[in-house]
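Colleague: Listed below are the residues making up each chain.
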Amino acid sequence: MKFWEKLGELDRRIIFTIIGLAVIIPLVLKITMPIRVSETVRNAYHSIEHLPAGSIVMISIDYDASSGPELQPMLIAVLRHCFKKDIKVILLGHWALGLPLGEIALNRVAAEYNKKYGEDYVNLGYRPGYSALMVGIGREFRDFFAADYRRVPIDSFPFMRKVHNYDQISLLVGLEAGATGDAWVQFAGARFGLKMFLGATGVTAPDLYPYLQAGQITGLIAGLQGAAEYETLIKEAGTGTLGMPTQSVVHGLIIIFIILGNASYFVLRKKKK
Amino acid sequence: MIWNIIGTWIAAGLTIAIFSFLYKDNPLYKFAEHLYVGVSAGFGVIYVWAFDLKPMLIDRFISEHGIERWILLIPAILGILMFSRWIGKFGYLSRLPISFTVGIGAGLGITASVQGFLLPQIQGTLLPLTTINNIILVIGVITTILYFYFSHEFKGKTQYILRVGVVFIMVSFGASFGYTVMARISLLIGRVFFLLSDWLHII
Amino acid sequence: MKLIKDQKNYLIILVIGLLVFPFIVTSVQAEAIPISAPSNLKAYDKPNDGGRNIVLRWDLVAADTILESGFAGDEIYRSEDPNGQFENIGFALKGSGQYEDQSATDGKKYYYYVKAVYANGFAQSKVIGPISSRAQWFNAARLNVLIFTFLICFLVIWYIERAKKGQKLFVRRIAGLDAIDDAVGRATEMGRPILFSFGLSAITDVVAIAALSILGKIAKKSAEYQTKLLVPNYDPIVMTAAQETVKQSYIEAGRPDLYNETNLPFLTSDQFGYAAGVDGIMLREKPGAVFWQGYFYAESLIMSETGHSIGAIQIAGTTAITQLPFFIASCDYTLIGEEMFAASCYLKPEPQMLGSLKGEDTSKAIILAILIIIVIVGTLGVLLLKPLPLINNTFELLQKWFTAQ
Amino acid sequence: MRNQIPLIIVFATGLIIIITFFIPHEPFGSLEQRFLIWYSIVAGFTMLLGLDSLTRYHLVRIRDKMSGWGFSIVLLFGLFLTLGLGFYTWAKYQSPFTLGSPFMYLYTYVIIPLQATMFALLAFFIASAAYRAFRARTSEATLLLIAAVLIMLGRVPLGGWLEKQVIDLLDFIPGVHLTALKSLSIFALINDWIMDIPQTAAKRGIYIGIVLGGIAMSIRIILGIERSYTSGS
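Protein chains in written order, with the numbering used here: chain A, 4 to 276; chain B, 79 to 281; chain C, 3 to 407; chain D, 48 to 280.
Rather than coming from a laboratory, the hints here were simulated on the basis of the structure.
The hints are all genuine.
Here are the simulated lysine to aspartate or glutamate pairs, EDC-like style, with alpha carbons at most 16 Å apart: (1) 165/A <-> 77/C; (2) 102/B <-> 14/A; (3) 165/A <-> 103/C; (4) 132/B <-> 146/A; (5) 102/B <-> 281/C.
Computed list of chain D residues with no C-beta within reach of chain A, every gap over 10 Å: (6) 63; (7) 70; (8) 98; (9) 139; (10) 221; (11) 237; (12) 272.
Note that this is a predicted model, so its numbers are computed, not measured.
We put the beta carbon where it would ideally sit given N, CA and C, even for glycine.
Only chain A is shown next, with the shape it has when bound in the complex:
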């Protein structure tokens, strides 16, 4: 019985070390694992796949670096998908500290596909007060975004001249780390009938499932695994695919921790009785 007591008193720093190693070792060894694509991600993929060339997709960067590892791979995968299909991209964001992440990804992916700023994509930037903004640009973009991220008037870009409100946007892709996803659904989706799918962090994703079942969003990319699935669909492996084996190892470890912890708890409780 001493064993269980010792086990229960294990210093947390030992656990921290084990977790650290469990993350480092699979990454260094570059283990790979097959990715199974779930229905929710497949539906998201098809919402873009079925758009004709020349349509406009709007991507909202509603996250910052604190959830970057989960959402940045999604952004890159979705951008690759759009540019592959000659779909034009409008980027904007509601999290002040996150927008440069969008610019970084845009610059990288646009270069891969030889896309030009102003012809194939624009970055509108950020305005505070997201619910007001979502309703407002549903009437007229220019009331809020007369100029882009670099303060160039949006009317100087040919494809933006005919964009006035959501009617010209074929699809919204919201990449969400918090409540802005709900706001997109409730303000832009319900009021203006804007079609959308969301990519979300693991923390936010479960709360978005009711929207999925009610048909308010067409698809959902959940967490790093979701990003890995999207990467699988567009056949461009990225950090999502790379991270999944590590993710699996740590999940396994945490499950073992829960089982061990509970085993010692029940053994000790029985002993007490």
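Dock chains B, C and D against chain A, hints included.
Modeller: Here is chains B, C and D on its own, set in the frame of chain A:
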């Protein structure tokens, strides 16, 4: 190039400083944390200035004419009134802009909740009970709502309704739990990946 | 020699063939899809808007439905005179079959036609009109929203008024309230203090108000049992409110002498710093009962783990959905979301909170009734589809009524 | 009077925003848009206010030499460094957000690592809590933990891998052929079902309650019954 290498070392140093909290709360961690608060606050100010006040207020004030131009003074004055809270006697004036934003938020929220959530979610639950999944979904929604219904004492047999409700709530919390664990690990993978590849070039 | 010449001829034929082939193929393809004009063009004023919009709809031409047919889309033309000059006002992408003219002047009469743009030609539809746009005074598509909004607002206001007039409104007792009493009792038996934390609540969070009334109850019990109560704080304003509440409870319990403000200190206003501070207090003071009541973020995990490791009974309560799972897994009892409001109304009925709670409850009852009735109709509709199609039609109609736009 | 005016403003703006939702006709339609633009501008000032109280708070700490005042200097240093680099970059590159500029350098090498690492810490805390605090003490907690474990297995490739190992192991037993099961991915199917059906049902029920609470709160605010938003000023 040399700047990028220096930058990567700074980033790696700050990453390790934050991780040092795992050993215990220490000055290195406190340094990184305070630096973070300061830098991000400064960043926010530049953002607001570059993306909001400059284009939406100042640029527009210059380009607009006639009455439209002077109407822009209303939000500008409301905004400036925010700062009156530091001037003792006029402190109450800062309540005016707060009231304006709170009023808009409340007004937008009511209709958006009904139109964007209640109606579609009720509609999504209006399913014929012809498949097992439909039956489970409808029972789940009803019993969960009843669990949070406080105007009736559930005694005798009706308390099983609450039991069923709790089962659904716990399964959904379990799902959130699993997804949250997944999310946190992904973030750690992201940081370790940075340390191993950008900084140490091991992978 | 002949062989070489033959080969040369052969090569020439091959090159010419390769050059010509694409033309043959494309011309065959283009011929396969006839150029036809968009048909069935309709124009109408966009309903439920502020004016200036006219919607055009037409049937897609055959080439529009085929991928890679070289069909570009449709150009939209408008004029105020059916026989005058028409102006190109826009372009509809392939596959859309509709266009919204957003530049109309209300009341002005317009004529339209649509021109299908093929890879090798055009075809234009008949001219239709006159049509004009106008603004509506009520958005009829939002009638359902209006009804629900009105109903919920009415119920909440009505119950708040009733509660204000002092009418007794029933709220059921939450099981967690017994757990609170037990925990305070256990801490006393063990001779250990009690720790209470609001997490990172601000006073503007409604949950902080509910947590305050739960704190009031705990403070009263602890005064009766003469058990030390510790409340480390994150927010200075919440701290002041907490001090007032505890002092009041001690007076009510007849032990104002036991109140000591140093037991309700301000720690720090940064998230993990606060968690580390509370951890330190727990390891030093070893409280027998710990209450996590208020709004929590990620720090909940760190604090409740330490609480568990010192063997305290932990009772949590929060509206922070993301933290609830971790509290449930690591605490002995957890008040889930609105249960906190119900608990606080049970302890200390304040008209606003009590009235709101009743208004919400009645709204829930109505929603439940709607759900149950329509689901029954729907089930019957599917089961009796053959003999009584009317039921299924009714169901579909009812279901459609909830469409929000 | 002083206390009445804010209440009147809340009442009027709230009501106008609700009315314009139902009445598209002028002047209501454009009034809503105008209010929303104003809101955006005032919200910008609100963010500046946060900066104001932050600097004041830390200046006081430094002045009074309160414990940890050195860190307040670090904070203010970070703040003014960012502001300085921001305006410098703005002047030099026309926009502060040009990639490769000093301001974006600060973003890439200071903000990203600090912000991302703060939350990466939680992976460690969850692991340690999993070992030391997550206990199946009640039937509710048991159910929660079982669901959580199933999700953790099914959502990532781990579940599929585990299935394969078990099936391979069982294959050695003569007469048992389970290879057909390999393509089933049972854990993934369980994960999808939990997410789609019971999870969705409960979240819907919970959020209907939360949304009703939010509406009630908004009504109280508009009617001036709830005034906590004015506190602190």
